[in-house]
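Work from the hints to combine the two standalone chains into their complex.
Protein sequence lines correspond, in order, to chains A and B. Under the numbering used here, think of the first position of the first sequence as 117, with each following residue one higher. Under the numbering used here, think of the first position of the second sequence as 2, with each following residue one higher.
Source of the hints: derived by calculation from the structure; they are not laboratory data. Please note: incorrect hints may appear among the correct ones.
Stated by the list, open to error - Straight-line C-alpha distance at most 25 Å; calculated SDA-like pairs for lysine to any residue: (1) B:Lys17 / A:Pro206; (2) B:Lys17 / A:Asp239; (3) B:Lys17 / A:His224.
Every value quoted in this text rests on a predicted model; they were computed, and no experiment measured them.
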Amino acid sequence: MMDVVVDGLRKRYGATVALDGLSLEFPGGRLSGFLGPNGAGKTTTFRILLGLSRPDAGTARIGDMSIDHDLARIVKRVGAIVDEPGLLRPLTGRQNLVVAAHTLGFGHERIEALAEFVELSDDLDRPVSGYSKGMRQRLALAAALLGNPDVLLLDEPLDGLDPAGQHSFKERLRRLVDDERKTVVISSHNLSDVQALADHVVVIAQGTLRYQGPLPDLLGGAREMRVTVDRPTEAFEVLRAAGLETRLDDSVLCVNAEDGSVVSRTLAEAGIYPSALVPANQSLEQVFLELTSG
Amino acid sequence: MTHLIRAELVKLLRRKAYFLMVAILAVLVAMTAFFTVVFPRVAPEAAEGLTPIPKPDAYILGAQQVISQTWFPLILAAMMLGSEMASSFWATSLTREARRLRHVGARLLVLSGASWLAIAAAIAGFAAVVAVGAIGEGGLPASDWLKIFGSSLVVQIAWVSLGLALVGLLRAVGPAIGAALAFSFGESLLGLWRPYANVSLTANSTALLGTIEGGLFSQMLPSSGIPPERAVIVVALWTLFGVALAWWALAYREP
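Only chain B is shown next, with the shape it has when bound in the complex (with noise of 0.2 Å):
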């Protein structure tokens, strides 16, 4: 399988689409670093009612905040395999690597991959605002970065996986595309429906790193009350479904 990953670098290297996104990810994580972490410290009249978040807390806040850009996966893989759909290089590639399910795990671990490091990077990103621009004292031990960014590369495998299993059920860029944003957002704002926080999928990525207490903007992630174990749980039923399905759709349909 290592020639298709090699095929699927090349794609994605060489789409300046990729670098688009990174670059509006960028804008909206520094955006939301600066009203979290910078606007309450620096203006504290006019961010009445906003209360700082101090660390260490603040870097899991930050770092759910940027697990909660679901859009990035989902549009990132309904765009790449998108593309290959409505220009027959999907039906074409198959005439040159006739075992689908190599195809459909290429496309999942190095969109996953190249989502995740975004993603990692977003992070990181968030975390240097939070280190210059926080109340309060104190960082993270080594092993809560560790479960940090291992959990939002499973995030992130779960979400490309649907984004791929979309594209492969509705057959076109466009589409695929619009029920990808329409299915973060949706998600996203039922994840703040207490009933069916328990089973959403955004709700329970941010619950893998914790709920943190107090102030606006943590109220305002849809998971605050979730046992991280039980996150862990739904997160992972979740993968499994976008894995099935995504396979269901690309491998097992006729393209």
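Chain A on its own, in the form it takes in the complex (with noise of 0.2 Å):
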């Protein structure tokens, strides 16, 4: 299992700084969500660990090889589809893995059990051209597993797929870490399938990192109760003034606490009672925003 170690990374644009001293990890044989807001610096890190950008200071490794020296080896262990599926349209599926295999200077003998994976069989003989972006993908997929990589780096694979395909799409990504033990880092705008599907999760912002950890520490990280009473306004202002941030969401009472018993307390000194007193299920989108702002 190939653990991907980022270190002190900083890449500038002319005057856009993409990466600011970019420190992070993604664990080896784990399905990793990598998030950001666009400009974040996701797809400049991939393309960094992957050698098509040189960064201005820092460095990185996947396993115990070095992208400064070791790339060649590098790019044979890691499978990727950055930016666009990067696939020929006017030739067929089945020519464009001919080509992949060619390229990485493998055989063809395993095109035809990656085309079943990624259920593209009955389709690998026709043009490019005429897939649907979700069989693209697929196709995309299976180029980027010819090498059978240690480590694949995706981003945004699930962009543009129909429900129907994102299921297919992550169930495979899913058996690849589950049966496999690859180490697979996605980056996705889609909030939601990152929550059901990693393990870990990296989040960056302005180029730098926010949170690393497991996903549920990450979830269980704020805390919030939602209270309800009869009488939310009075409550809201003893909450208030006992120091406790309170917003109110329609007629109930969203208190950031790290335990409900301060809560239930301050109100029952003021003679309000709450009928519930719940913590909060906090989606990845509302931590996301948190991490990400400002």
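Structure (structure tokens):
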């Protein structure tokens, strides 16, 4: 299992700072979600890991291989989709895979099995120009897997896929991690996809790290209690006066508090008794917005 | 690098555009052969002023006419690599084989070879028309044919490398093909201007095969008067410039 480690990467395009001393780690044998708003530096990070861009400072390694000294070895162990699927549309699916296999320096023996894995066996001899977006993404995944890589770096792989296409694509990614212990990193804007799929999450914004760790820790790290009372406006004032960050969502109070007992005690002292006090189930989207704002 | 050459061959042979370009080249060369060799002979009144070139000089004139079709290697390179740039295929290829010089080398070899095959076939076709339709007697010795086909290979390498460099600089297929066409025709026209002809790639490419005296068609080639020894040096310098520019644009710059 190969981990991916980035250390102090800096990259500037003219006046724009793409990466500002970014350090992060994607653990080996896990499926990691790589999140960040547009321009956060996700694609630049992938491009540096694959040798497509040179960092101004910092380094990165995949397993024990450094991008500075072992790039030729690294690309043989890493499958990638960056920017676009990178297919030649006039060629058929099979011809694209043959070209990819030659470029990698491998034979054609895995083509049939991979076509079956991505469910493209029946369409392999059709020109790619006639493929749907989902089929092109699956063909690109098959091409990325041709060298039987230990690590997959996939830039927005679910972008533009219909729900059925997303489901089958995610299922395949999950199998690659669960059955073959590959290290898979997907960047995505679709936070619910990452929430449903990833074991580990890395969030970056403005070229710097904002969070990295297991997904449950990230979601559990932000605590909000949802409180239902019969006098919400009065309860709102009481909680605010007690120094608790509170907002009113319709008639439900949302209180930022580590412990629900603090909320119930404060309200009880004012003669208000909650009919319900439950921890809010924060979505990744809420946490993401908090982490990447400002 | 053999695996990259195999990949290039698969891509080239599956592209209909290459064969379409070969067909266009064949039509253009057939028309040129008809008007330079057959027309002045079968309709001398209509072809007033067009002096027919006799054998064996007609063979050399034919080779010069074909070699001056510089649009072919330029557009072949611009089209093949340009479509890869447009579809992110170039960047994707680099994520499968990181050694960029090998990518550039494989493309230069395969595209120069493909261009040379088409040009060599066109030279052979022109020669067939000359053999059947030109006035005079006699042929060229084998050493001259070797020189013609060898020179045309060097010329294709020079033009293909310039085509690759254009794509590398412009990063798009449409602008690259437009620039290739403009460069090809502009360079040919400029080559008719004597001060520039001395350094023109088109003029020196045709001058590699010598100067044919007499006749309007030979005067239309921008090579007359340039010694072949000088032409070798100028073509070699253009080739070095093209390869260096292609390397800088493709291997050094970030994709």
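Here is how each hint holds up against the structure:
Distance check on the hinted pair: Lys17 (chain B) and Pro206 (chain A) sit about 9 Å apart at the alpha-carbon level, within 25 Å; holds. Among the hinted pairs, Lys17 (chain B) with Asp239 (chain A) is consistent with the structure: their alpha-carbon atoms are about 21 Å apart, no more than 25 Å. As the CA atoms of Lys17 (chain B) and His224 (chain A) are separated by approximately 24 Å, the hinted pair is consistent with the 25 Å bound.
Taken one by one, the earlier hints all hold for this structure without exception.
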